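Let's have the full structure, built from the sequences with the hints guiding it.
These protein sequences, in sequence, are chains A and B.
371 is the number that our numbering gives to position 371 of the first sequence; each next residue is one higher, with no gaps.
In our numbering, each number is its position in the second sequence, counted from 1, plus 1000.
No lab work stands behind these hints: they were computed from the structure.
Quick caveat, the model's predicted, so the values are computed rather than measured.
Treat each hint with caution, since some may be false.
What the hints assert, rightly or not - Once the Cα atoms are required to be at most 30 Å apart in a straight line, the calculated DSS-like pairs of lysine-lysine come out as:
no.: 1; chain 1: B; residue 1: 1422; chain 2: B; residue 2: 1529
no.: 2; chain 1: A; residue 1: 127; chain 2: B; residue 2: 1033
no.: 3; chain 1: A; residue 1: 205; chain 2: A; residue 2: 148
no.: 4; chain 1: A; residue 1: 97; chain 2: A; residue 2: 205
no.: 5; chain 1: B; residue 1: 1033; chain 2: A; residue 2: 97
no.: 6; chain 1: A; residue 1: 127; chain 2: A; residue 2: 148
Each chain, written out:
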Amino acid sequence: MATTTSTSTSSGTPVQARPSGSLHLDNLVKQYPGGVSAEPAVAGIDLDIRPGEFLTLLGPSGCGKTTTLRMIAGFETPSHGSLTLDGEDMVSLTPDKRPMAMVFQSYALFPHMSVFDNVAYGLRLQKLPRKRVQEEVEFALASMSLTKLADRAPNQLSGGQQQRVALARAMVMKPKVLLFDEPLSNLDAKLRVQMRTEIRALQHKLGITSVYVTHDQDEAMSLSDRIVVMRQGRIEQVATPETVYRKPASVFVADFIGRANFLDTSIEQLAREADGARATVRALGATYTVPAHDGIGPGSPVCLMVRPESVVLAPAPDAREVSGTEGRVLKSVFYGAWVEYEIETVGGNVTAVIYDPAPGDILDPGTFVRVSFEQDRAWLLPAED
Amino acid sequence: MSLDTLPAAALPAAPPPRRGSRQGGARMDTVTKLVITAVVLILAILIGYPLVRILTQAFGAEGLETLRNIATSSANRAVLLNTVVLGVLVGAVGTAIGFAFAYAQARLDFRGRKLLHLIALLPIVSPPFAVATAVITLFGRSGLVTNKMLGLDYNIYGLTGLTLVLSLSFFPVAYMNLLGMLRSLDPATDEAASSLGANRWKIFRSVTIPMLIPGFASCFLLLFVEAIADLANPLVIGGDFTVLSSRAYIAITGEYDVASGAAYSLVLLLPGLLVFLVQRYWAERRSVVSVTGKPSGNITLLRSPLARIPLLTVVLAIAALIVAIYVTVFVGAFTAILGVNNTFTLANYRYVLSGIGSDAMFTTTILALIATPVAGVLGMVLAWLVVRKVRRGRGALDFLGMLGLAVPGTVLGIGYALAFNKPFIIGNIQLLPALAGGGAIFGGALAIVMVYVIRSMPSGQRSGIAALQQIDPAIDEASTSLGASGLRTFRSITLPLIRPALLSGLTYAFARAMTTLSPIIFITTPQTKIMTSQILSEVDSGRFGNAFAYCTILIAIVLGVIGLMNLLIRDRRAPARVN
Chain A
1 MATTTSTSTS SGTPVQARPS GSLHLDNLVK QYPGGVSAEP AVAGIDLDIR PGEFLTLLGP
61 SGCGKTTTLR MIAGFETPSH GSLTLDGEDM VSLTPDKRPM AMVFQSYALF PHMSVFDNVA
121 YGLRLQKLPR KRVQEEVEFA LASMSLTKLA DRAPNQLSGG QQQRVALARA MVMKPKVLLF
181 DEPLSNLDAK LRVQMRTEIR ALQHKLGITS VYVTHDQDEA MSLSDRIVVM RQGRIEQVAT
241 PETVYRKPAS VFVADFIGRA NFLDTSIEQL AREADGARAT VRALGATYTV PAHDGIGPGS
301 PVCLMVRPES VVLAPAPDAR EVSGTEGRVL KSVFYGAWVE YEIETVGGNV TAVIYDPAPG
361 DILDPGTFVR VSFEQDRAWL LPAED
Chain B
1001 MSLDTLPAAA LPAAPPPRRG SRQGGARMDT VTKLVITAVV LILAILIGYP LVRILTQAFG
1061 AEGLETLRNI ATSSANRAVL LNTVVLGVLV GAVGTAIGFA FAYAQARLDF RGRKLLHLIA
1121 LLPIVSPPFA VATAVITLFG RSGLVTNKML GLDYNIYGLT GLTLVLSLSF FPVAYMNLLG
1181 MLRSLDPATD EAASSLGANR WKIFRSVTIP MLIPGFASCF LLLFVEAIAD LANPLVIGGD
1241 FTVLSSRAYI AITGEYDVAS GAAYSLVLLL PGLLVFLVQR YWAERRSVVS VTGKPSGNIT
1301 LLRSPLARIP LLTVVLAIAA LIVAIYVTVF VGAFTAILGV NNTFTLANYR YVLSGIGSDA
1361 MFTTTILALI ATPVAGVLGM VLAWLVVRKV RRGRGALDFL GMLGLAVPGT VLGIGYALAF
1421 NKPFIIGNIQ LLPALAGGGA IFGGALAIVM VYVIRSMPSG QRSGIAALQQ IDPAIDEAST
1481 SLGASGLRTF RSITLPLIRP ALLSGLTYAF ARAMTTLSPI IFITTPQTKI MTSQILSEVD
1541 SGRFGNAFAY CTILIAIVLG VIGLMNLLIR DRRAPARVN
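Laid out in structure tokens, this is it:
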């Protein structure tokens, strides 16, 4: 944060005396024309994005995440609702007047300009002195290790380099908010992981509020301070990556983030404790006490989420049939670092993942095993209707 | 995503516009609104008002009488039938020639392929009479080939001559379209068919041809419209074969019956518009040519002599005919009367280059030079609005611009004569002085420039739209997001990116303006002499030598100006670090 303040004081604009970039979305709705009956693309979004926060909008395609981002940027006009940045209304401003910069999926570099001119474009629009532009651009290029490529044309660069230029072009503006529209989805897997780390490091250093749209949960988990999971234009959950993974708000979230077994069960006993609710349930032929969603009442329909890696398998040498806690291996796939099993149990088929299997420990299909799970890692949540 | 797709991602032609249709989601800025208003107003004056005048005349008392006549009188019905027959013939023959040339160009390997390409494009830059007069000189009643060489008494005037001349004049359009389609066909489909056991002939029949059907349909319709709209050739080589355009011309210039003229041209306008609509909105949508931008593999060229020899024979024969026609024009310009008195003379050029001729030359060139940039810029702005700015009503806006092309020249000319021969007065206030005709301001030059603009603008619009659709809308948004206003983005991002399209649009606009005849005939004045209408009067009075001289000069001017334009607006893609 200290770096932002010191560099921005030299710009002569008095606006950035304190770290800012507090974005507030209030009941934001986007309804595309095409009939009243049509579902709105975004159906009422409330969000408080804190200064310097890295927030990810995550969801399947068509969930409204990109539309939300484009409303923040100003490329779409909300049908209802308000959008303020540090208390200032944004909806009435055209995109070019908003103190935000966007990084695009297709990079959107200007093909007729050199790398240098691409990065300098926004600064020149602000009529900054030539020397200042030169310094700022060179600094931005250096921080993205692009100095040597300054005179190249965008089509002479690799995909990763192009994305760096796009990042430098947005960052050099020192916007209050950085917007990312699936910026890494055109890169190959390895490069994607590398860029992920770089974006996170840079954002940390500059402390710019960032809103990031992706459908890649790995990206969301590794980058975000908080994740917003969206579905059909609505927010399903806003929470830290760990909470979203361990305590998903709905079956949809649990299913979308990571993989999950959903076991039918009913509550035998429910207790509210200081760190949340706990319920005693029967599942897979045994009784467990598991953490539970706050919205669950004693009689409400529930569903028990067990992540594959929380499933515990033990030898069952005497078992001859699927009953009680005993199940049978149906499928066994070796992935190197882990083995994945599909196991037939009394509660249906269960997926189990065992990390770092010892040589010779891999179970063959047909083997009987005792199936249980680590009860503190399970999660009881309202059943989907 | 694997490594071999990376170079594609590095190309400037970004992925196909994903959210192009959602562009209008954002609020329009004031500048954009002003631009839209201005463009619509300009189009309303240039094309809307003249069309309205045609309609009011045609549906006036006298006009209705003529319309009724067209339906009842057998003479008029014959004219109608002639027009349709001519359109169908030219559409079919022209498309066939265009396809033969395109297929040879794309799938055959032979020496002189580049030369053949240039020969096929020759008719585009030629003035409207060059082909017709040369064909008459070669194949007419006392033609060099038919009479002098073969001793035949052959009558080229009429449907045969018209079909030949119009097909040769308009086939380059079909050639260019089909060549583009053939080249963008993914060779992988051929390979797939071949790996499934199809031989070359089977592939041609079951893969290539079906994929080109929308292209054939679209070419046929384009040529149909061009053929029925043409006026110059029916006047020169039509003989007794009267079509609607020549009938309208006779009504207005011979019978001084403006209302009938308007009525005939209305009948001409309807199929023109209909075909245009079908062509634009059906054929284009049906196109199955996949534009992935990255053909996977190479096309296998056709080697079998069984296919090569007949195709090459046909193509080369037609190419030879085209060359013969242009040689005739060139030689004829230096000959007293080609075929009758073959003595070398400079008299034709002397006639053309002094007095009336030089007047017409300068006036035409200057008016075309004024109209070209206006048409080019207007076309680009319109394309920009259609692709990027307007969402609701973009189709209507696009159509309004394309009207200049869709409306037959004869109709446009009559509309202009009706609309602008008198001052435009509402109440007691004169809003516009007379723009066309004898008493008009600038000797009617303004109306001619207006015709040039509206006639040539659609080519700029089309190439602009094609170019803009290649540009990822995110590039515009990136500029906006960095703080650039709409106008600024257009100036520093969009315009540089569509520069090549602008250039080709301008080139075509200029060539089109210089060679436009049919609308000009109706509004030209004694003070403002236009080359094409001068050529018409030379041809009319049988002075072919002078016409040939005019034609060569016209071609020279067009080629010269196009060359100059290429030099002036060079493709400045190479990025220069401006610092």
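Outcome of the hint check:
no. : hint            : verdict
1   : B:1422 x B:1529 : holds, 20 Å
2   : A:127 x B:1033  : holds, 26 Å
3   : A:205 x A:148   : holds, 23 Å
4   : A:97 x A:205    : holds, 25 Å
5   : B:1033 x A:97   : holds, 18 Å
6   : A:127 x A:148   : holds, 26 Å
Against the hints set out earlier in the document, no violation occurs for any number.
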